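A.B. asks: Construct all of the structure, not just a fragment, from the sequences and the given hints.
One-letter residues, chain by chain:
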Amino acid sequence: SQQGEEDPQALSIQEGENATMNCSYKTSINNLQWYRQNSGRGLVHLILIRSNEREKHSGRLRVTLDTSKKSSSLLITASRAADTASYFCATDMNTGFQKLVFGTGTRLLVSP
Amino acid sequence: DSGVTQTPKHLITATGQRVTLRCSPRSGDLSVYWYQQSLDQGLQFLIQYYNGEERAKGNILERFSAQQFPDLHSELNLSSLELGDSALYFCASSVASQGRGGELFFGEGSRLTVL
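Residue numbers (my numbering), protein chains in the order written: chain A, 794 to 905; chain B, 1108 to 1222.
FYI, nobody ran anything at the bench for these hints, they're computed from the structure. One or more of the hints may lead you astray.
[Claimed, not checked] Some chain A residues near chain B, calculated using beta-carbon distances under 7 Å:
no., residue
1, Asn831
2, Thr897
3, Pro905
[Unchecked claim] Covered by chain A, according to a simulated footprint, are these stretches of chain B (three or more residues, beta-carbon under 8 Å):
no., region
4, 1121 to 1127
5, 1139 to 1149
[To be verified] Distance ranges between label pairs, derived from CB positions:
no., chain 1, residue 1, chain 2, residue 2, range
6, A, Arg843, B, Gly1135, 19 to 27 Å
7, B, Asp1147, A, Thr813, 25 to 33 Å
8, B, Gly1135, A, Gly809, 17 to 25 Å
9, B, Asn1158, A, Lys819, 24 to 32 Å
10, B, Val1202, A, Arg853, 20 to 28 Å
11, B, Ser1187, A, Gln807, 27 to 35 Å
12, A, Gln807, B, Gly1159, 49 to 57 Å
13, B, Thr1127, A, Leu854, 35 to 43 Å
14, B, Lys1164, A, Lys819, 15 to 23 Å
15, B, Asn1158, A, Val837, 18 to 26 Å
16, A, Asn845, B, Thr1122, 44 to 52 Å
17, B, Thr1120, A, Arg853, 39 to 47 Å
18, A, Glu808, B, Asn1158, 29 to 37 Å
None of the values given here were measured: they were computed from a predicted structure. We put the beta carbon where it would ideally sit given N, CA and C, even for glycine.
C.D. replies: This is the structure we're talking about:
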């Protein structure tokens, strides 16, 4: 079963706009990670936020984490056509050894 | 290039057959993970190995098995294949040890088609 559920399932925006994706999860976590996947390719790590952190930035990416609500959001600012991809959140559950469970993903389409 | 190598990239086989997927992790990574990605099930965690030992198990069918060898490469064996086993199978590696979660580095996947 999926630990994370992402919302929306699909998002279509114009270049230059911001894109926000949300992730909700069910159990306590060590950290939450966001990955990007271009169609049919391997996933690429974007950013990791630990359970004791509330916000993290990396370039045009901003991630927030609310452990009380068991939710996270990924904001991509000033989107580019090259940002078109699927984005997944992954939760590292508090089980000792790392076990990343991925959400259902958001398909982002950025039109020129 | 993530540094994780998976072979074969594509595989077409028939129902009832057995296949082996191979993964070489990034140099220095001790953990190997296997994931299955299909349209209807999303990205499912199958199994994790750390330095040759099984550490975590997910939704892995009894028809599937995996191992990690002393040189740290891993193999995923899929037997008695069914149409529903058609999917992308990803291997990922990390330096993760107990209590130190970090990012995973994914290979490009092995696309299995069962006819």
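A.B. asks: Compare the structure with each hint and give your call.
C.D. replies: Verification of the hints:
1. Asn831: violated, 11 Å
2. Thr897: This hint holds: Thr897 (chain A) lies near chain B, its Cβ roughly 5 Å from the closest one there, short of 7 Å.
3. Pro905: violated, 27 Å
4. 1121 to 1127: violated (count 0)
5. 1139 to 1149: It holds: at least three residues are needed, and the region 1139 to 1149 of chain B offers 3 whose Cβ sits within less than 8 Å of chain A.
6. A:Arg843 x B:Gly1135: 19 to 27 Å: holds, 23 Å
7. B:Asp1147 x A:Thr813: 25 to 33 Å: holds, 27 Å
8. B:Gly1135 x A:Gly809: 17 to 25 Å: About 40 Å separates the Cβ atoms of Gly1135 (chain B) and Gly809 (chain A), which means 17 to 25 Å is violated.
9. B:Asn1158 x A:Lys819: 24 to 32 Å: About 30 Å separates the Cβ atoms of Asn1158 (chain B) and Lys819 (chain A), which means 24 to 32 Å holds.
10. B:Val1202 x A:Arg853: 20 to 28 Å: Holds - the Cβ-Cβ distance for Val1202 (chain B) and Arg853 (chain A), about 27 Å, lies within 20 to 28 Å.
11. B:Ser1187 x A:Gln807: 27 to 35 Å: At roughly 49 Å between Cβ atoms, Gln807 (chain A) and Ser1187 (chain B) fall outside 27 to 35 Å, so the hint is violated.
12. A:Gln807 x B:Gly1159: 49 to 57 Å: holds, 50 Å
13. B:Thr1127 x A:Leu854: 35 to 43 Å: The hint (35 to 43 Å, Cβ to Cβ) holds, given that Thr1127 (chain B) and Leu854 (chain A) are roughly 38 Å apart.
14. B:Lys1164 x A:Lys819: 15 to 23 Å: holds, 19 Å
15. B:Asn1158 x A:Val837: 18 to 26 Å: holds, 25 Å
16. A:Asn845 x B:Thr1122: 44 to 52 Å: Hint holds: Cβ distance 49 Å, inside 44 to 52 Å.
17. B:Thr1120 x A:Arg853: 39 to 47 Å: holds, 42 Å
18. A:Glu808 x B:Asn1158: 29 to 37 Å: Given range 29 to 37 Å: violated, Cβ gap about 45 Å.
Consistency note: the structure conflicts with the earlier hints numbered 1, 3, 4, 8, 11 and 18.
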